[in-house]
Amino acid sequence: MALSREQIAQRVAQELQDGFYVNLGIGIPTLVANYVPDGMEVMLQSENGLLGMGQFPTEDEIDADLINAGKQTVTTAKGASIFDSAESFAMIRGGHVDLTVLGAFEVDVQGNIASYMIPGKLIKGMGGAMDLVAGAENIIVTMTHASKHGESKLLSQCTLPLTGKGCINKVLTDLAFIEIKDNRFHLVERAPGVSVEEIKALTAGELVIPENVPEMTFI
Amino acid sequence: MALSREQIAQRVAQELQDGFYVNLGIGIPTLVANYVPDGMEVMLQSENGLLGMGQFPTEDEIDADLINAGKQTVTTAKGASIFDSAESFAMIRGGHVDLTVLGAFEVDVQGNIASYMIPGKLIKGMGGAMDLVAGAENIIVTMTHASKHGESKLLSQCTLPLTGKGCINKVLTDLAFIEIKDNRFHLVERAPGVSVEEIKALTAGELVIPENVPEMTFI
Amino acid sequence: MAGFDKVVSSYEEALAGLEDNMTVIAGGFGLCGIPENLIAEIKRKGTKGLTVVSNNCGVDDFGLGVLLPNRQIKKILASYVGENAEFERQMMSGELEVILTPQGTLAEKMRAGGAGIPAFYTATGYGTPVAEGKEEREFDGRHYILEKAITGDFAIVKAWKADRYGNLVFRKTARNFNPMAATAGKITVVEVEEIVEPGELAPDEIHTPGIYVNRLIKGTFEKRIEQRTIRSA
Amino acid sequence: MAGFDKVVSSYEEALAGLEDNMTVIAGGFGLCGIPENLIAEIKRKGTKGLTVVSNNCGVDDFGLGVLLPNRQIKKILASYVGENAEFERQMMSGELEVILTPQGTLAEKMRAGGAGIPAFYTATGYGTPVAEGKEEREFDGRHYILEKAITGDFAIVKAWKADRYGNLVFRKTARNFNPMAATAGKITVVEVEEIVEPGELAPDEIHTPGIYVNRLIKGTFEKRIEQRTIRSA
Chain E
19 MALSREQIAQ RVAQELQDGF YVNLGIGIPT LVANYVPDGM EVMLQSENGL
69 LGMGQFPTED EIDADLINAG KQTVTTAKGA SIFDSAESFA MIRGGHVDLT
119 VLGAFEVDVQ GNIASYMIPG KLIKGMGGAM DLVAGAENII VTMTHASKHG
169 ESKLLSQCTL PLTGKGCINK VLTDLAFIEI KDNRFHLVER APGVSVEEIK
219 ALTAGELVIP ENVPEMTFI
Chain C
19 MALSREQIAQ RVAQELQDGF YVNLGIGIPT LVANYVPDGM EVMLQSENGL
69 LGMGQFPTED EIDADLINAG KQTVTTAKGA SIFDSAESFA MIRGGHVDLT
119 VLGAFEVDVQ GNIASYMIPG KLIKGMGGAM DLVAGAENII VTMTHASKHG
169 ESKLLSQCTL PLTGKGCINK VLTDLAFIEI KDNRFHLVER APGVSVEEIK
219 ALTAGELVIP ENVPEMTFI
Chain V
330 MAGFDKVVSS YEEALAGLED NMTVIAGGFG LCGIPENLIA EIKRKGTKGL
380 TVVSNNCGVD DFGLGVLLPN RQIKKILASY VGENAEFERQ MMSGELEVIL
430 TPQGTLAEKM RAGGAGIPAF YTATGYGTPV AEGKEEREFD GRHYILEKAI
480 TGDFAIVKAW KADRYGNLVF RKTARNFNPM AATAGKITVV EVEEIVEPGE
530 LAPDEIHTPG IYVNRLIKGT FEKRIEQRTI RSA
Chain Z
330 MAGFDKVVSS YEEALAGLED NMTVIAGGFG LCGIPENLIA EIKRKGTKGL
380 TVVSNNCGVD DFGLGVLLPN RQIKKILASY VGENAEFERQ MMSGELEVIL
430 TPQGTLAEKM RAGGAGIPAF YTATGYGTPV AEGKEEREFD GRHYILEKAI
480 TGDFAIVKAW KADRYGNLVF RKTARNFNPM AATAGKITVV EVEEIVEPGE
530 LAPDEIHTPG IYVNRLIKGT FEKRIEQRTI RSA
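Chains as they are written, first to last, in my numbering: chain E, 19 to 237; chain C, 19 to 237; chain V, 330 to 562; chain Z, 330 to 562.
Isolated chain E, as found in the complex (with noise of 0.2 Å):
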């Protein structure tokens, strides 16, 4: 069956490591940090300009001076920092961002990620997706595998305007785990009772299907 939300989320938490600073988007990226396996610590960076994002505020401690880059009050965790946007970005557009999750319309089997427009449909920006993709060197896309008309996401070329050029390896579909590498899709994992037939199906751009596709375990 395919992913719901939070599987998809549990399952890319499962990529975090101790000591990861990790950028998480808007939608299903956010609540991977609902997911941290015990014992380890990770720190959001909320690209407004926050390194060690708390969890959401109470009534009590709400203030309009804290927000996240989704515009949400929160808090500051233990040991946070805050700085001003262009040390946001260079801190993002330097690298040292461990991690960076984020939802996507299309990604094809370039590596090439489009996120931020539907024209003449959609065009509100693209906020600093376009520097997180550029800037980090491990990222995971997380989107659904097709859209509810059944037409496959992830495809040979991208049909939308793009977010990022060759800056994508790993993709996490409510259907299945994919890398991308030498121009192609590479299936690595599929979702609890999905076939690979079915995955090969909605999978528009190249995919290499191995002897072996282990389903996903979730604790």
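These are calculated hints, taken from the structure and not from any lab test. Heads up, a few of these hints could be off.
Claimed, not checked - Which bits of chain E does chain V cover? Going by a derived footprint, with three or more residues having C-beta under 8 Å, they are:
| hint | region |
| --- | --- |
| 1 | 57–67 |
| 2 | 70–78 |
| 3 | 99–107 |
| 4 | 143–152 |
| 5 | 179–191 |
Even glycine gets a Cβ: it sits at the ideal position worked out from N, Cα and C.
We have chain E; now place chains C, V and Z onto it with these hints.
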């Protein structure tokens, strides 16, 4: 008579304006701080990261962590701020300092300045001088008009390696106050008791002499 | 006003000299740390044809959004917009020119403008619509594009505390774009919650040195929250 | 060491992995704010062929100058050097390659290295020996040269206080090049006067976020003064 070092500094101080942020180089420029007119406030920028440099410390106040760009122990003035070297030169390069005063070996009619290196003899480096001359719009160069051997330091073309190109328009020597424009020196004032002929004789680059060349006045 | 005292007594005085068709750089992220009273004064003043540089454009009735109904903004450079209907309408109809700029590039363009760096290379936006018309170049086998600095006729900034000399301290994530905006204005105007005497702010703790600040005014702030998100206590 | 605790217990551990022919970026201005014990450890270790990036090169018997007698430095990028005789001798004889770099350009090259900016334009050095071999370019009628970013295999940094997570606070003008150096090292090693627990430093007052810091050690410091200048009380 030729101006003393103190008199040069005193004359430069007449160019100060209330509320000026000023960077003073090592040597004569440093002395300018002693002649800020009464009732006028200026703030000294030291390029190692201090805006609002105060006087030298007393024995008790001395602090190894608080020095100026000449590596001398200093104090902070009221309203001082401290920042890193990138910020300090952002300030300088970005043209935020109102007046820069620095010494030189040579200047020429094109506004070029040579102040940091005598090949084979003095190769200590430019420190912040190249940034200062490139960033400031208002620079006063202080120097003796000629060498001890009577060789002019105001040339048609600098002979030493340049610190900056086309960036100087005011020079205050022990003999004269000179402006540089249209590829010529322009005599603006002369030191008390110094004749226009003496100045002319010691100025190698083309010198424009107006009909009336007033003597400098000191209070 | 003498010496380094930057304090002015009215918002009118704070924005004196702001004229039609000028460029205004504004601090703030979403509605957090925006110079809300300075923006309101621009609305009151009715200045038109402005080019605005700001990460966002407020909401319908708050922040830079209030400048939209009277078409005071001609052009905006921002990373994320369209939190309000009027903005979208003006953008779609072409009345408002929108130059979408990646957030980090926008911050760096402001910093470069203040720091005398005319242009810099960045990998951000390479191979995307942002790269159109820009120089592309390889350094050590990676692709970059050339981005140019931004400066403004005015910069409008919100800080927390200042001393009379214009030394600024920001509070929490209300810092965001404000320090860079402060460096990039020919005339930088700052509104704050509290003004103290020079010497009261520790030199090591000042975020923006007063050299960047031309005018300073004390305001009162609504500080509207865009996404009020709480957990149960 | 688990999670974000960056504290190491010996200088040997602090510089583990530093090998011959690596590039080391060092904070400090003159003898102020230099990582004096980390430098001493490099001397003890005997690492050779180093490329050093630092505003100055210490004096004969203190700071980076102590690495000269055993010819541990092969090449140095600095803005102002030659405060010691051995330096001058090695430079004149060609044993030591010296790349004189304007102070502001040096600071910006370090910042760019840490910030993922591969290169930037600056007016500093245009038309001077510094411009030799570099691209020249006009923007809005002014001349600039292209300067490239610097990164190091190691960065050695001196801060005042840190928490165990590597968040740093600098003291007075001992800040200087240290914050930029901290961003530009593949491995950034910081020595401090005091280490506190995470949460003890106010988030708004941290000068360098811990994300840039890999190793942290508490040291004791001589803090030698280069120009002891006093006024009578």
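These are the hints, each one checked on the structure:
Look at the region 57–67 of chain E against chain V: 4 of its residues bring a Cβ nearer than 8 Å to a Cβ of that chain, three or more, so the hint holds. Counting residues of the region 70–78 of chain E whose CB falls under 8 Å from any CB of chain V gives 6; the rule of at least 3 is met. With a threshold of 8 Å between beta carbons, the proposed coverage of the region 99–107 of chain E by chain V holds, since 7 of its residues qualify and at least three are required. Counting residues of the region 143–152 of chain E whose CB lies closer than 8 Å to any CB of chain V gives 8, which reaches the minimum of 3, so the coverage claim holds.
With 6 residues bearing a CB less than 8 Å from a CB of chain V, the region 179–191 of chain E meets the requirement of three and the coverage assertion stands.
Violated hints are absent here; each numbered hint is respected by the structure.
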